[in-house]
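**Student:** Sequence lines, in order, name chains A and B.
Going by the working numbering, the first residue of the first sequence is number 1, and it counts up by one from there.
Going by the working numbering, the first residue of the second sequence is number 1, and it counts up by one from there.
Note that these hints are calculated values from the structure, not bench results.
There may be inaccurate statements among the hints.
Reference listing, derived: stretches of chain A covered by chain B, where coverage requires no fewer than 3 residues with Cβ under 8 Å from a Cβ of chain B [stated by the list, open to error]:
{"id": "1", "region": "170–184"}
{"id": "2", "region": "300–314"}
{"id": "3", "region": "346–354"}
Quick list of in silico lysine-lysine cross-link-like pairs, DSBU-like style, CA-CA up to 30 Å [what the hints assert, rightly or not]:
{"id": "4", "chain 1": "B", "residue 1": "8", "chain 2": "B", "residue 2": "73"}
{"id": "5", "chain 1": "B", "residue 1": "12", "chain 2": "A", "residue 2": "187"}
{"id": "6", "chain 1": "A", "residue 1": "271", "chain 2": "A", "residue 2": "491"}
{"id": "7", "chain 1": "B", "residue 1": "177", "chain 2": "B", "residue 2": "144"}
{"id": "8", "chain 1": "B", "residue 1": "87", "chain 2": "B", "residue 2": "144"}
{"id": "9", "chain 1": "A", "residue 1": "519", "chain 2": "B", "residue 2": "8"}
{"id": "10", "chain 1": "B", "residue 1": "162", "chain 2": "A", "residue 2": "187"}
{"id": "11", "chain 1": "B", "residue 1": "178", "chain 2": "B", "residue 2": "144"}
{"id": "12", "chain 1": "B", "residue 1": "51", "chain 2": "B", "residue 2": "162"}
Interface residues of chain A toward chain B, partial, derived using beta-carbon atoms under 7 Å [said to hold, decoys possible]:
{"id": "13", "residue": "101"}
{"id": "14", "residue": "103"}
{"id": "15", "residue": "165"}
{"id": "16", "residue": "203"}
{"id": "17", "residue": "204"}
{"id": "18", "residue": "208"}
{"id": "19", "residue": "210"}
{"id": "20", "residue": "223"}
Backbone N, C-alpha and C define an ideal beta-carbon position, used for all residues, glycine too.
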Amino acid sequence: MSDHHHGPAKGLMRWVLTTNHKDIGSMYLWFSFAMFLFGGSMAMVIRAELFQPGLQLVEPNFFNQMTTMHGLVMVFGAVMPAFVGLANWMIPMMIGAPDMALPRMNNWSFWILPFAFALMASTLFMEGGGPNFGWTFYAPLSTDYAPPSTTYFIFAVHMMGVSSIMGAINVIATILNLRAPGMTLMKMPLFVWTWLITAYLLIAVMPVLAGAVTMMLMDIHFGTSFFNAGGGGDPVLFQHVFWFFGHPEVYIMILPAFGIVSAIIPAFARKQLFGYTSMVYAVASIAFLSFIVWAHHMFTVGIPLVGEVFFMYATMLIAVPTGVKVFNWIATMFRGSLTFETPMLFSIAFVVLFTIGGFSGLMLSIAPADFQYHDTYFVVAHFHYVLVPGAIFAIFAGVYYWLPKWTGHMYDTALSKVHFWMSFIGMNLTFFPMHFVGLAGMPRRIPDYNMQFADFNMLSSIGGFMFGVTQLLFLFIVIKCVKGGEKAEAKPWEGAHGLEWMVPSPAPYHTFTTPPDVK
Amino acid sequence: MQLNPAQKTIVKAIITAVGMFAFVFVVMVPLYNVLCKVTGLNGKTDPNPYKSVPAAVDTSRTITVQFLATNNKGMHWDFKPSTHQVKIHPGEIGSLTFYVRNPSGKNMVGQAIPSVSPFEATDYLHKTECFCFTSQPLEAHEEKLMPLKIIVDQDLPKHINKLTLSYTLFDITEMNKKRTAGL
Chain A
1 MSDHHHGPAK
11 GLMRWVLTTN
21 HKDIGSMYLW
31 FSFAMFLFGG
41 SMAMVIRAEL
51 FQPGLQLVEP
61 NFFNQMTTMH
71 GLVMVFGAVM
81 PAFVGLANWM
91 IPMMIGAPDM
101 ALPRMNNWSF
111 WILPFAFALM
121 ASTLFMEGGG
131 PNFGWTFYAP
141 LSTDYAPPST
151 TYFIFAVHMM
161 GVSSIMGAIN
171 VIATILNLRA
181 PGMTLMKMPL
191 FVWTWLITAY
201 LLIAVMPVLA
211 GAVTMMLMDI
221 HFGTSFFNAG
231 GGGDPVLFQH
241 VFWFFGHPEV
251 YIMILPAFGI
261 VSAIIPAFAR
271 KQLFGYTSMV
281 YAVASIAFLS
291 FIVWAHHMFT
301 VGIPLVGEVF
311 FMYATMLIAV
321 PTGVKVFNWI
331 ATMFRGSLTF
341 ETPMLFSIAF
351 VVLFTIGGFS
361 GLMLSIAPAD
371 FQYHDTYFVV
381 AHFHYVLVPG
391 AIFAIFAGVY
401 YWLPKWTGHM
411 YDTALSKVHF
421 WMSFIGMNLT
431 FFPMHFVGLA
441 GMPRRIPDYN
451 MQFADFNMLS
461 SIGGFMFGVT
471 QLLFLFIVIK
481 CVKGGEKAEA
491 KPWEGAHGLE
501 WMVPSPAPYH
511 TFTTPPDVK
Chain B
1 MQLNPAQKTI
11 VKAIITAVGM
21 FAFVFVVMVP
31 LYNVLCKVTG
41 LNGKTDPNPY
51 KSVPAAVDTS
61 RTITVQFLAT
71 NNKGMHWDFK
81 PSTHQVKIHP
91 GEIGSLTFYV
101 RNPSGKNMVG
111 QAIPSVSPFE
121 ATDYLHKTEC
131 FCFTSQPLEA
141 HEEKLMPLKI
151 IVDQDLPKHI
161 NKLTLSYTLF
171 DITEMNKKRT
181 AGL
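Construct the complete structure from the given sequences, taking the supplied hints into account.
**Tutor:** Encoded structure:
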């Protein structure tokens with residue numbers, strides 16, 4: 001039986017050849033953090049240029065490459081792989097499975113990513129520069145008027161898509177087939193539920209993205225005219241295809257965050273999650289609605305009135321299941337024995353700030369008002385409020401919640417609270433003023449602005465630098481925790497529930513080789 | 001072949017992913033084109049000549065049809081309508097010409113793409129003859145008068161009394177070369 005209890009292989013090849021879900025989860029998380037710093041440094045360039053009105057640091061074309069690559073890297077390189085990393089680490093441990101269902105494919109889906117992003121980053125050094133058409137790469141900007149490097153960008157997107165689809169298939173196969181006896185679907189932790197639904201969204205829409213970039217490739221190189229009006233195509237078709245992918249995509253980036261927060265809030269409120277069943281149905285409804293609201297991103301392209309009205313009301317409908325979730329989180333905290341450890345701080349900030357982002361989303365969903373807000377900094381403020389304190393704070397919360405389980409050490413709690421407060425203040429200072437400049441008409445993706453926006457932009461830049469520097473502190477905290485620290489117990493949080501706390505800390509290389517008893 | 005439950009899940013998931021990729025090409029694109037045709041979305045007109053049906057001219061109202069000629073980015077031909085607007089009764093044929101000249105020293109191919117505004121009038125503006133039905137090859141420095149014949153449908157909604165027919169001229173010289181090379 002010695003074969004069943006061997007540890008990790010020695011040396012670097014361990015990481016190249018590993019099929020262990022914990023190793024792969026760690027690699028995803030480290031990769032995601034590297035991309036977070038890469039995308040973040042591009043945000044620093046953007047904020048430095050926007051510190052003052054006028055053009056001072058970078059050429060406008062380079063500025064455009066920065067906004068484009070910042071978006072692409074953060075969406076596909078930082079947020080999505082971080083959630084896949086958490087899924088790899090936690091899903092098998094939460095459902096009592098020994099590993100993911102497809103361990104070799106798991107290795108492959110991770111190792112495609114560094115190559116995809118190396119390819120994409122390399123376009124910045126090519127003649128004509130990298131992608132400069134915005135992360136949404138609307139045709140014909142991304143076809144007729146695109147830099148020659150666009151072909152590499154397209155292949156990079158294909159590779160990321162393949163990686164995400166394989167990851168999603170793996171998650172579905174694991175959750176549906178490897179649950180421990182007694183772990184029925186409606187007993188699964190919400191993180192598992194949200195990931196199951198996210199995985200379905202991924203296999204439904206990542207192929208649509210692949211289709212969109214494939215059509216671009218054919219328009220650029222093979223003389224087709226999907227998006228070229230001169231050849232009988234239609235550039236607006238691109239926007240429909242893109243947002244048919246794009247709107248489910250934004251829920252792909254937030255549903256696992258709902259799952260993390262739904263695990264953490266009950267643990268530190270010392271109460272059961274309020275309304276578990278309604279949470280599951282709310283997530284499923286949000287996922288369904290995400291397929292019928294895409295045109296709210298394109299109210300201004302010229303849609304018949306009936307279309308504007310349909311997409312407006314369908315979008316507003318999403319506020320209902322989202323409201324159910326926010327209500328349930330608050331009801332869980334209500335009259336609980338709250339303590340404010342770092343994971344809880346990030347989770348509470350998530351609930352409050354994500355709700356602000358949700359409200360600005362409701363404002364944007366009002367079609368007649370959207371003509372005023374469209375392509376302004378109000379939109380930038382909105383989606384950064386749902387992605388930074390939404391997705392990223394939830395990832396921080398999850399890391400601080402499970403880090404003792406992963407490393408066997410408790411991290412420096414004082415420093416982690418400094419990380420929280422600096423992130424919280426920096427993030428609000430960066431993005432809150434963007435609401436005001438946006439409502440006043442400052443357009444997004446432009447390297448210069450009118451004098452009247454100068455003060456708010458300077459505040460945003462100061463907040464941005466503060467948020468950016470703070471993330472190096474996070475890196476320090478994690479490395480310090482990996483290296484050593486106070487020994488963590490199997491269940492370091494007294495209120496925590498779930499199978500992952502039944503195994504010792506650090507979690508052994510192989511867990512649940514015999515399925516646990518689920519009551 | 002007997003599949004275990006996990007394999008069945010995986011096969012279904014792969015079929016879904018491949019199916020969604022195919023869905024983009026075989027459903028989304030044609031469906032979009034059909035929707036544009038049915039709703040007049042984007043003011044896209046019928047790419048084929050209209051077969052006129054005998055019908056009485058409705059002299060009770062007069063419709064103003066305005067014409068716009070625009071060059072797409074990178075297209076340098078001179079391109080303009082002989083008149084900027086005509087006033088016609090529904091059912092009556094309006095005819096005019098568009099002047100076009102290739103000022104460059106090389107042979108080029110142009111393609112005019114029509115668009116009607118407001119969208120809901122798209123299906124009521126018929127073209128029995130239009131230079132937009134085919135591409136327009138022009139030799140270096142060649143100039144040409146291109147004919148256009150329109151009929152406004154008698155069923156045009158009553159509240160519309162002014163239409164705009166806008167043409168954007170695209171340079172499709174390179175695209176034509178790629179297409180011929182691809183065949």
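**Student:** Now tell me if each hint is right for this structure.
**Tutor:** Results of checking the hints against the structure:
no.: 1; hint: 170–184; verdict: holds (count 5)
no.: 2; hint: 300–314; verdict: holds (count 3)
no.: 3; hint: 346–354; verdict: violated (count 0)
no.: 4; hint: B:8 with B:73; verdict: 52 Å, violated
no.: 5; hint: B:12 with A:187; verdict: 24 Å, holds
no.: 6; hint: A:271 with A:491; verdict: 16 Å, holds
no.: 7; hint: B:177 with B:144; verdict: 23 Å, holds
no.: 8; hint: B:87 with B:144; verdict: 25 Å, holds
no.: 9; hint: A:519 with B:8; verdict: 28 Å, holds
no.: 10; hint: B:162 with A:187; verdict: 64 Å, violated
no.: 11; hint: B:178 with B:144; verdict: 26 Å, holds
no.: 12; hint: B:51 with B:162; verdict: 23 Å, holds
no.: 13; hint: 101; verdict: 5 Å, holds
no.: 14; hint: 103; verdict: 12 Å, violated
no.: 15; hint: 165; verdict: 5 Å, holds
no.: 16; hint: 203; verdict: 5 Å, holds
no.: 17; hint: 204; verdict: 6 Å, holds
no.: 18; hint: 208; verdict: 5 Å, holds
no.: 19; hint: 210; verdict: 6 Å, holds
no.: 20; hint: 223; verdict: 3 Å, holds
Hint violations for this structure: numbers 3, 4, 10, 14, all remaining hints satisfied.
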